[in-house]
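Enquirer: So the chains spell out like this:
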Amino acid sequence: MSQRFRLPSGGHVDRSKRLSFTFDGRAYDGHHGDTLAAALLANGVRLVGRSFKYHRPRGIFSAGAEEPNALVELRDGARREPNTRATVAELFDGLAATSQNHRGSLAFDWMAVNGLLAPWLGAGFYYKTFMWPASFWERVYEPMIRKAAGLGRASGLPDPDHYEAAHAHCDVLVVGAGAAGLAAARAAGATGARVILAEQDFLLGGDLLNEPGLEVWRQESIAALEAMPEVTLLPRTTVFGFYDQGVLGAVERVADHLPQPPAHTARQRYWTIRAKEVVLATGAHERIIAFPGNDRPGVMLAGAARTYARRYGVRAGETAALFATQDAAYDAAFALAEAGTRIAAIIDPRGDSAAMQRAREAGFTVKPGCVVTGTVGGNALRGVEIGAVGSGGRGDAVPADVLMVSGGWNPAVHLASMSGSALSWDEALLAFVPGAASQHERSAGACRGVNGIGAAAADGAAAGQAAAVAAGFAAAPAITLPEAPAPDHRPYELWEVKGRGKAFVDIQDDVTANDIRLAHREGYSHIEHAKRYTTHAMGTDQGKVGGLVGAAVLAEAREEPVAKVGLPRFRPYTSPVAWGAIAGGEVGQHFQPVRRTALHGVHEALGAVWMDAGIWKRPAYYPKAGDADAWASVKREARAVRERVGVCDVSTLGKIVVEGPDAATFLDRVYANTFSTLQVGRARYGLMLREDGIVFDDGTTTRLGHDRFFVTTTTAQAGPVMQHLEFHLASAWPDLDVSLASVTDQWAAMSIAGPKAREVVAAVVTGLDVSNEAFPFMAVADCLATGVPARLFRISFSGELAYEIAMPAGYAAQVWRAVLAAGAPHGIEPYGVEALGLLRIEKGHVAGSELNGQTTAQDLGLGRMLKKKGDFIGRVLAQRPGMTDPSRPRLVGLRSVDPARQIRAGCHLIVDGRSQGWISSATQSVVDPGWIGLGLLRDGETHIGSVIVAANPLMGEEVPVKVVSPHGYDAENLRVRA
Amino acid sequence: MLRIPCPHCGARDEVEFIYRGDATVTRPGPDGDVGAFHDYLYLRRNPRGWQVEWWQHNGGCRTFLKVLRHTVTHEVRAVATATETLEVPGA
Numbered sequence: 004m005s006q007r008f009r010l011p012s013g014g015h016v017d018r019s020k021r022l023s024f025t026f027d028g029r030a031y032d033g034h035h036g037d038t039l040a041a042a043l044l045a046n047g048v049r050l051v052g053r054s055f056k057y058h059r060p061r062g063i064f065s066a067g068a069e070e071p072n073a074l075v076e077l078r079d080g081a082r083r084e085p086n087t088r089a090t091v092a093e094l095f096d097g098l099a100a101t102s103q104n105h106r107g108s109l110a111f112d113w114m115a116v117n118g119l120l121a122p123w124l125g126a127g128f129y130y131k132t133f134m135w136p137a138s139f140w141e142r143v144y145e146p147m148i149r150k151a152a153g154l155g156r157a158s159g160l161p162d163p164d165h166y167e168a169a170h171a172h173c174d175v176l177v178v179g180a181g182a183a184g185l186a187a188a189r190a191a192g193a194t195g196a197r198v199i200l201a202e203q204d205f206l207l208g209g210d211l212l213n214e215p216g217l218e219v220w221r222q223e224s225i226a227a228l229e230a231m232p233e234v235t236l237l238p239r240t241t242v243f244g245f246y247d248q249g250v251l252g253a254v255e256r257v258a259d260h261l262p263q264p265p266a267h268t269a270r271q272r273y274w275t276i277r278a279k280e281v282v283l284a285t286g287a288h289e290r291i292i293a294f295p296g297n298d299r300p301g302v303m304l305a306g307a308a309r310t311y312a313r314r315y316g317v318r319a320g321e322t323a324a325l326f327a328t329q330d331a332a333y334d335a336a337f338a339l340a341e342a343g344t345r346i347a348a349i350i351d352p353r354g355d356s357a358a359m360q361r362a363r364e365a366g367f368t369v370k371p372g373c374v375v376t377g378t379v380g381g382n383a384l385r386g387v388e389i390g391a392v393g394s395g396g397r398g399d400a401v402p403a404d405v406l407m408v409s410g411g412w413n414p415a416v417h418l419a420s421m422s423g424s425a426l427s428w429d430e431a432l433l434a435f436v437p438g439a440a441s442q443h444e445r446s447a448g449a450c451r452g453v454n455g456i457g458a459a460a461a462d463g464a465a466a467g468q469a470a471a472v473a474a475g476f477a478a479a480p481a482i483t484l485p486e487a488p489a490p491d492h493r494p495y496e497l498w499e500v501k502g503r504g505k506a507f508v509d510i511q512d513d514v515t516a517n518d519i520r521l522a523h524r525e526g527y528s529h530i531e532h533a534k535r536y537t538t539h540a541m542g543t544d545q546g547k548v549g550g551l552v553g554a555a556v557l558a559e560a561r562e563e564p565v566a567k568v569g570l571p572r573f574r575p576y577t578s579p580v581a582w583g584a585i586a587g588g589e590v591g592q593h594f595q596p597v598r599r600t601a602l603h604g605v606h607e608a609l610g611a612v613w614m615d616a617g618i619w620k621r622p623a624y625y626p627k628a629g630d631a632d633a634w635a636s637v638k639r640e641a642r643a644v645r646e647r648v649g650v651c652d653v654s655t656l657g658k659i660v661v662e663g664p665d666a667a668t669f670l671d672r673v674y675a676n677t678f679s680t681l682q683v684g685r686a687r688y689g690l691m692l693r694e695d696g697i698v699f700d701d702g703t704t705t706r707l708g709h710d711r712f713f714v715t716t717t718t719a720q721a722g723p724v725m726q727h728l729e730f731h732l733a734s735a736w737p738d739l740d741v742s743l744a745s746v747t748d749q750w751a752a753m754s755i756a757g758p759k760a761r762e763v764v765a766a767v768v769t770g771l772d773v774s775n776e777a778f779p780f781m782a783v784a785d786c787l788a789t790g791v792p793a794r795l796f797r798i799s800f801s802g803e804l805a806y807e808i809a810m811p812a813g814y815a816a817q818v819w820r821a822v823l824a825a826g827a828p829h830g831i832e833p834y835g836v837e838a839l840g841l842l843r844i845e846k847g848h849v850a851g852s853e854l855n856g857q858t859t860a861q862d863l864g865l866g867r868m869l870k871k872k873g874d875f876i877g878r879v880l881a882q883r884p885g886m887t888d889p890s891r892p893r894l895v896g897l898r899s900v901d902p903a904r905q906i907r908a909g910c911h912l913i914v915d916g917r918s919q920g921w922i923s924s925a926t927q928s929v930v931d932p933g934w935i936g937l938g939l940l941r942d943g944e945t946h947i948g949s950v951i952v953a954a955n956p957l958m959g960e961e962v963p964v965k966v967v968s969p970h971g972y973d974a975e976n977l978r979v980r981a
Numbered sequence: 114m115l116r117i118p119c120p121h122c123g124a125r126d127e128v129e130f131i132y133r134g135d136a137t138v139t140r141p142g143p144d145g146d147v148g149a150f151h152d153y154l155y156l157r158r159n160p161r162g163w164q165v166e167w168w169q170h171n172g173g174c175r176t177f178l179k180v181l182r183h184t185v186t187h188e189v190r191a192v193a194t195a196t197e198t199l200e201v202p203g204a
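Protein sequence lines, in the order shown, are assigned to chains A and B. Quick note: to get my numbering, add 3 to the position in the first sequence (first position is 1). Quick note: to get my numbering, add 113 to the position in the second sequence (first position is 1).
Rather than coming from a laboratory, the hints here were simulated on the basis of the structure. Do not rely on the hints blindly, as some may be mistaken.
[Unchecked claim] One-sided excerpt, in silico: chain A residues whose CB lies under 10 Å from chain B:
id : residue
1  : 590
2  : 593
3  : 595
4  : 598
5  : 599
6  : 717
7  : 725
8  : 733
9  : 876
10 : 880
Beta carbons: idealized from backbone N, C-alpha and C, even for Gly.
Chain B with its partners taken away, still in its complex shape (with noise of 0.2 Å):
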């Protein structure tokens, strides 16, 4: 049972949120080829700790955002928007 400081919202439960994935992959650029886009939708890092997450507030404001959360004791540390760079500690 997640809460997540929604920077627009405030914090919320994790059932207003989409989870979408490791936001620390981008899509690659009109000359990607095969391998660079497989790469992009099907290898994740998976990690044991930190990792940077895309959550949609689909029950709020419906923004994308970065969630710093920890994959083992589920701790969410730091939120920023879409456009911000969140640091993964240890990295």
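Same shape as in the complex, but just chain A (with noise of 0.2 Å):
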């Protein structure tokens, strides 16, 4: 198809560029300077999608950021991208878009009965529709209501393109580079300030773009702000939000106009902009007036009808009407009859005014004291109804196929308000405009209601001069202004014409004035109720056109006038942003950092199954030729330890160097016992409470000197004890001579376990005597091994004679290397996480399931631990009679009585049918085989010897498990001191 409504000369398009695009599968097209909505004009595309709930037709509304309904799918494949507004979307060769929200096809939607039982679709329909049956929710009602919901569909691809952060710093941004910003820019430049201009279009000069009389300055200023070295343009970039201290966010399409990104660029940039200053020259939206079939296809915006004609040589149909409210909607009028569309008639609820005369004298048919009481057509605009202000009921018909409207102009105030200003009701306007500033922003030209091509650039050219001397720069001699005209905007009030049919206030969410007063009829009366109630003013739009007019019409209902009503708050986004433009770089691999122990090649080139702990990787288990499956794995490195010997990476525990003359005081301090009394060269298990008395974390802790201590805690709890240990060192005693270092890298560990560990170490290790006698356990010296400085600790986890052995992280693997050629005629065995998980349970150590930040020491077994001398943290509180009851749930053993059926972590204790505690953790034993576990439950001790049953509703199993101790291995801890 022929781009029959393109003007053959005039606008910012590019006509000797022409570029192909599809929209639902046909092929049109367009030029370059083109948004899609302007070329699907230029081809007389005018129905575009269906709407939200009703299915109804929908055409393009408006020719900018403020579009409810022209929304679209983008693209294919994976890069589909939903709900695009086609009236921003600039347009590429090869472009391919699809309308949304219809079932067959879009002339002709299924979906569109929904239409017929409007009157039972109301505001509140699903609170009140989908209430009963019950067990109907789940089941029934939430798979339709998602079916039905929702426009656009997400690609369900991965994002094949990828996105950017990046921070930028400057004495003043200006915010929108229309006339206000152009000159802000300017004025704000020539003082020599760090000025970004951020501009969401891809042209800049906003309205001056439709004036071809100012391109020269439009021109000019583009030339100056270019040479002026410090000064950054950044269009295609939409300033989204508004924060604390000059934080402002924005989104920069970098290559959203082209097919696809350029190798190694990103598409889209997410800025953080630090602005000492800002100048918000946002602009204005002419707002909708709420009549019946505002919605229909051929109805949209005077400026937008302006825009195509001026901007991109685009008649928006061949017969028009107009319907203002204000002098300054008609220019439209001219621009459209220059373009050779016939003005059919001009419809305003005035008497008379300057521009009805101008109008008059054009020739155009002017009816004053009218409105438009509904729109004929189906899919398309056929005829707009016309009666007297006033009068109800439908008027007579003037055959048009585009109807333009305006009621007015809404200052974008968003940015002003996010920054904190309260906004205040301009009277004239009948429209909110800035307050004043809470932070160091300033709102220039249309966004504060200053409008007109001449004087807006006048007050932006002040506000950015203003701008740039608070940020501490002299003010430069004056820029050159544009002149222009200054048109009346102030709008005669009328919000809504009231008749028969669907007067929309928010086309996007099909909210109709009706939907407003019926929100009010419920007791949704505040304005932040009703917008939640009707979804008023919640689509990607965030009601730019409409937004006000539904305040309106909620105030009249209220009695009460719009300035009282107010709007709802206006938070981030200002426009839809990309979910990937928010993640950044911060996806799959990227999303967190992989922490590896020094020992990681070790481990992979032994072919280790990896588990996850936090961010570390560490081997779960190290399968061989010839295991079953997994439990086999871990079971023959389990059994190694417990009959032979096994070496285990333990580097991922946390390690953190105590050190002053306080120490020892500040140990016996965090620490629930007492580490003051430790000899030099010995370790003691410590237990570490929070201050409300629940246990914190657990691990072994070493006296290297007097005034040095060796801290070791929990993998998880690393970090956590190392900022609970600094904190209180600040905070509540800060008297103590003491200093924390974190050495988790700088120390590799390995664990070597089992009967034969002694041998093992002995051949590894040189310049220490390991006898049991003169190395006894809980013994600590350096050593040498494998001829390199080393720490050797005879402390056990896994309840065997064990040793830990720790060096610089850079020797871990040839240590680890010696350690198995020392232990091979043994028959080392490498275990893992797994093993070492079966081993602890076994011997009935506890770990993370059961420090799980709501267990007490009692309830842990470890109760005669707490030192009765002397504060610690959590001492007092873990007194509290909740803390200290006998019957809270308690530390126990359990075992399977089938030694075959399995019991799980997370299954409850079932005593006389009551759920009295849970397992926490669960394995299969090497000693006595069959499955065990760990457990807490009430009144524990004195089930000791009794069946109870493992109940996991969710797998429908039901295990009778028997009560033990939970030290039932080597119970008198032989093994450990042999």
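Bring the two chains, given one by one in their own frames, into a single complex with the hints.
Expert: This is how it looks when you write it as structure tokens:
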């Protein structure tokens, strides 16, 4: 199809560059400089989508970011992006767009039946209807609503593009590059200030793009700004939020105007801009009038029709009518007449005005004192019904295929409001304008109600200069300003034409004036409540064209002024922002860092199966040929430790050096047990409580010297423990002379455990007598391992004779290899986290599943560790009655009565039909084959020896388990001390 | 998006810091009873206005700093080390 609505000349499109695109599979042509909406109109495409709730036919309503209707899916495959506004989508060659929200074809949508059901589909329909029976919600109602709801479809595929985050600092940020913004940036730039000028459009100029007579000034201004080294121009950049302390967020569409981003180029860039001063020159949005059928394709904002004619060289239709309440809108009629569109009528509720006289002189039919009472047509507008103000009913019809509507102009106060500025009501403009600034910002031009290009530019220049001066720069000579008459923007107060039929206040969300009144009748009279009850102003346009109209309808129902009703609170984002831009580069493997131990390569070579422990990668187990399954590997490794010897990488434990004259005093206060009595060269198990008395963490702490301790923490709590120590040193005991250093990454460590551990250690370590007499349980000493400095600890987590050997991380691999070599004659096996867990459950040691932030020392059978003398964190609050209640769940051992029946962590422990606790850890024993576990059970000791039920209702399992002591394996610790 | 001037590292973005609450509560001494510890742990003034707070420069020098912040405007007016005292305006 040729572009039969394209004008032969004029505007900012390049007719020498022809771009092909498709809409719903049909091929069309457009030009460089078009938006998708402009190109569709040029080809006479009016029907572009179906509405959200009633599936009514919808067309192109605006020419900018405020678009409520023309939402389409852009691109195909993984790049398909739903709910894209055709009015801001820059046309490129090969663009493929699809209409949304219809079953069947766009022209005949089966879901339009919702329109016939409309009397039952008003505001609050879902809340009232889908109530009964309750069981229907999950199975019937929710899937049905989900299928019917929403507009476009997400691609469902991984986003093939990448996005980046950028930070910028400037003296003056100017938002918007219309006349006010260009002038502000020039005036601020002239002082030498660092200026950023951000504009959401791909062309700078705003309304200047509709004024051929001012093109010279526009181009001069851009050239002047480009010549200033301290000025940065950011076209295609939407500033979406104004945050605290002069921070604004913006998204730059780097490559959305291309079929796909060039290699190594981000699709979008997410800017965090810190500005000393901000000039908001965001312009104004023309607003709708609520009248029956105001959503029919062909109805559009007057300024939009003017923009399509002047900027894009496109006639919005053959025959146009204008429904306006103020003189400023009349230029649209002149612009369309120049473009060759017949002006059928100008409908204006006012009696007379300067613009009406000019219109009559131009030969237009002007209908003063009249309003549009309805529209005629199906999928496209065919005529407009006109009646006298207040007459009610349907009026005479005038044929027209375009109805240009202008109910006045709403200053775009979104960013000013987000900055903290209270809005104030302008009685002349019938709109909210920014009030006093609460941050370093000022509004200029139409966004504060200063209308007309000349006046807005002058206002912008003053604001730009004032901003630069406030940022510490000396005022510069004035810039030249464009001369242009200021049309009168003061409207006649007309929000709604009452009549039969749907009069929309929010076209995108299908919210009618009647819905607003219904919300009021049902008690949702606050604007914030009415918004949520009706979904008014909640779409991608955030009520830019109809938000205030809805508020005015509510005001009338409340019999209060609009100024008192106000608008819902403005929040980021002012315009839709892609999730990809927000996520930025932090996706996939960059979502979070991976932490690897110094032995990672060694484990990899051994074929380890990995397990995530926080961000750490730890070997879960090392499968071997012949292992039937994972359990076979795990049990083989555990059996090696119980029977011979095994080696395990324990480098992920947190390690903190505590040093200083008061180190022992400090540890006595942060641990529930005592460390000041610990001898140099000895380790001790320590229990740390939170201030509320709950167990926080455990680990061994070694005294390396009189004033020097080496604290270990669990892997999971390494960071929090460090912070806990730092906080108390700063806040509670700043008088203590103690220094803390995290050395987790500096030291690698491995545990060598099993009856043959001593033989292996003796072969690897030199300079140390490791006999039981010279180096007993809990001894610690420096030594050499494979000739490198190392530290040997005689500590055990497995319940076997065991050593931990720690060495500077860089030497870990060579020590590991030496251990494996020395252990080979004894049948050594490397063991992973699963076997480690199996061994400690058999032994009855608590770990993260038991230290779960709900358990006390008494609960875990560790109550006797709490020292009786001296202060420590958690001491006082651990004595509260609820914490010491003897009936609290206590640690017990569990064993499945039938060794073949599995028990699982998380099972309820059922006693006499009631849940009295839970299984915290479960595994298979290698000492006494069968399923075993640890759990927390009310009155645990009294149940020892009895059989209860481990229930897992999710899996329909009820397994009889015997309650036993948690310390069944080598209760006297003979093996550990051997 | 706060910017906090760390006395050791310079002005830094809030993402480098961890908030740790009201810095005017002090841990009771060894004689403190359950009531005193309860108040220390759980009771906060939650003022509308200026508050001295703990912020740890977690992504920098790791120091716990006292920061005078306005809870409505988020203005940061003063920063001090743990042993220094910050006066609350109008308190």
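Enquirer: Where does the structure disagree with the numbered hints, that is, which hint numbers, in rising order?
Expert: When the structure is compared with the hints, numbers 1, 2, 3, 4, 5, 6 turn out to be violated.
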